[in-house]
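From first to last, the protein sequence lines are chains D and F. Note that the numbering used here has the first sequence beginning at 43, numbered continuously upward. Note that the numbering used here has the second sequence beginning at 2, numbered continuously upward.
Heads up, some of the hints might be wrong.
[Said to hold, decoys possible] According to the in silico footprint, chain F covers these stretches of chain D (three or more CB under 8 Å from chain F): (1) 179-189; (2) 201-207; (3) 284-292.
[To be verified] Simulated pairs of lysine-lysine, BS3-like, Cα-Cα distance not exceeding 25 Å: (4) F:K79 / D:K99; (5) D:K184 / F:K247; (6) F:K135 / F:K317; (7) F:K174 / F:K222; (8) F:K182 / D:K184.
None of these hints come from the bench; they were simulated from the model. The C-beta atom is built at its ideal place from N, Cα and C for all residues, glycine as well.
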Amino acid sequence: MKFISLQKGGLHRNQTRTAWAFCTPAFISICIFYLFPFILAVFYSFTNKMLVPRAGKTTGFTGIQNYLKFFMNDTARIAFRNTALYALMVVPAIMLFGTILAVFVNKRIRGVKFFRAVYFSPQVVTMTVVAVVWSYIFSPGKTGLLNSFLALFGIGAQTWLQNSGEALFCLAFMYVWQTIGLEMIIILGGLQYIPQELYEASYLDGCTIPQRFFYITVPLLRNTLVYVLISVTIGSLKLFTQVYVLTNGGPDNSTTSVVYLLYKAGFINNQVGYSSAIAVIFFIVVFIISLIQNHAVKER
Amino acid sequence: MKRTILALATLAVAAAGLAAEGTKDTKQEPSAKPAGIKVWISSGAEDDVYRKLFDKIGKETGTTIKDEYYPKDELDSKLQVAPVVGDVPDMIVVDYLQMPAYYEAGLIAPIDSRMPAALKQDLIPSVVSEATYKGKLIATAQFDAGMGFWANKSMLLKAGVRIPTSYKNAWSKEEFEDALKKLKASGVPYPIYMRQNKPSSLYFTFMPILASFGGDYVNRKTMLASGTLDSKNTIAAYSYITWLLKQGYLNGTCDYEDAFFGKKESALALIGHWKYTDHVKNLGDDAIIIPTPDFGHGVFTCSGSTVWAMTTATAKNKTADIVAQVIAKSLEPENIRIVTDFNGAIPSRKSVMDTVPALQKGGRLYLYREQLEAGISVLRPLTPAHMTIYTAMEAATKDILHGGNAQTTLQHAAKEIDDVIKENGWNR
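My request is simple: use the sequences and hints to build the entire structure.
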């Protein structure tokens, strides 16, 4: 009988109230911690707001000055290029190897849980610790861990994080190593929702392994992969911790990322207005990328 | 059920109200004793020593001192937002380089009127310089840094190199290069270590060499970097690092701290007093201090230390007198020695220096004293732009150490620094 009393919009008044009651705590948190700071950042981006202003100095409106400064700044261009390069290295690698690992650990064989735990384990360590550990691995001397290993194959010592041609790749490798476990678990979750009957039918039809993978696994994993793609893209664009801990944007700005530039502008150079402008531009870029990705992988 | 929940909620609200009332009553109770002071300290190796020192001073002055220790960056962040959140300490113990920024933000109260003339007279000149900003004394210090080359005496003797004993007979550039050549030939893998594993530290330790080349970070009159940081002399000083690397005198891939005292792959270490314990413990009598060379513009050392300052919150908290008393206590000889005996730094008072055997003529640390008393010490720029300059120089030094061209690197750094200084009005 309740269906008869449904109001416009499909919900009963009491249900609407309950829904709002459930949403309110999250909505308030989002407003306080996301929406309000973002509106504030947009406002500050049009001012010369300083983190610690001189006593008696007031914040003034500067129009689009901060945005002009950003678009005319060489370092900002380099930061965007580095961030894009980093994402291009990280996202395909995580998507590809995450899926392969998930397929491998989806087998019902002895000891597979151990491998799942091993692959996932880097995820439980914070990036700061990961960065410190990898700094030893990337030690530039002949006695460095990775260099010693490469020497076994007759490869000469590399300077890794000290080399502007290798540093960004090192950071990307580190991120892939840390993140792949989590993405593997998410993809594994998607894999386990694929009905076994489909695979059984494919056996009967005489499908090969690649055929099963591309015609059953990939299409039915689509939603999971879309989520992984978008979340990994956003995560990789937010490159900061490794840069802050290991390279400070160097050598020669080769690892300066947009978020590091934003941090430097606000917290080192005291320029909250400029820092906010970078944040707003970065938000728009990430938003557009996410929209494009969403549109590109939408089911037609 | 609903009634039960309502009743419980009413009870909870009533209980909270009563609790609040109780708290209010307690707060309103008049207190005869002063509330005490809150001190924020930049955390470091001396933390435990400071804890004991504050306990001692607290007992002696009858004051409750709440000393809180934070890592340097966290303390800086806390102080930046402290006025906004209304949680400003009464006193801070921080690196002197942060002081101009805090002073400009209205956080620091000058202490000229509270410093007895005799006591100020007894402070070594470098300490007065680091504690003075815009003509006002805004802090004091218990000690100053000692800077020069730590050298391995046996290695120098084996290589047949003259050992300078005073800044007056320091090596010339030619003699220094000859020493490096001889050391290399005698089997020392990398004759000089300049803490290239932590390039940020060169902002301080490289200053004597930079000054001796006639260079600097900023023009001390205009407080701008262009024309100074990218000047011929500064570029020459930093190009010298490239030269040292190319000659194989300096290990560019060194990422460890013990090249001088542990691995013993270097005979000279451009590092300050704070390595005293490591060096003496590992090298014994071989650990000696010699002046940095004269590269053409004289011999220099550099200084700067942790300072004690009173905040403007003391006016509101009515704790200025207590803080002044605590600062005065910190400068008593016994209290200075508690800290300097631990960290090996140079006492900030001339009279206290006389009580330290290592600082007497012939003592292991005498050179530090001689240099500071001779007034040949240079300070890093006292400016609210400190973090901007420091960060830019850290990046520039790192790039040069890793093979970057000194001229283009410094030109870029100078422009980057000046853009920020001008926009923020820090040069005015």
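Hints versus structure:
Counting residues of the stretch 179-189 of chain D whose CB lies closer than 8 Å to any CB of chain F gives 5, which reaches the minimum of 3, so the coverage claim holds. Chain F is given as covering the stretch 201-207 of chain D, and this holds because 3 residues of the stretch bring a CB closer than 8 Å to a CB of that chain, at least three being needed. With a threshold of 8 Å between beta carbons, the proposed coverage of the stretch 284-292 of chain D by chain F holds, since 3 of its residues qualify and at least three are required. The straight-line distance between the Cα atoms of K79 of chain F and K99 of chain D is roughly 20 Å, inside the 25 Å bound, and the hint therefore holds.
Straight-line distance between C-alpha atoms of K184 of chain D and K247 of chain F comes to about 17 Å, which keeps the hinted pair within the 25 Å bound. With a C-alpha separation of about 24 Å, the suggested pair K135 of chain F and K317 of chain F falls inside the 25 Å cut-off, and the hint holds. Under the criterion of a C-alpha separation no larger than 25 Å, the hint pairing K174 of chain F with K222 of chain F is inconsistent with the structure, at around 29 Å. Under the criterion of a C-alpha separation no larger than 25 Å, the hint pairing K182 of chain F with K184 of chain D is consistent with the structure, at around 24 Å.
In summary, the one numbered hint that this structure violates is 7.
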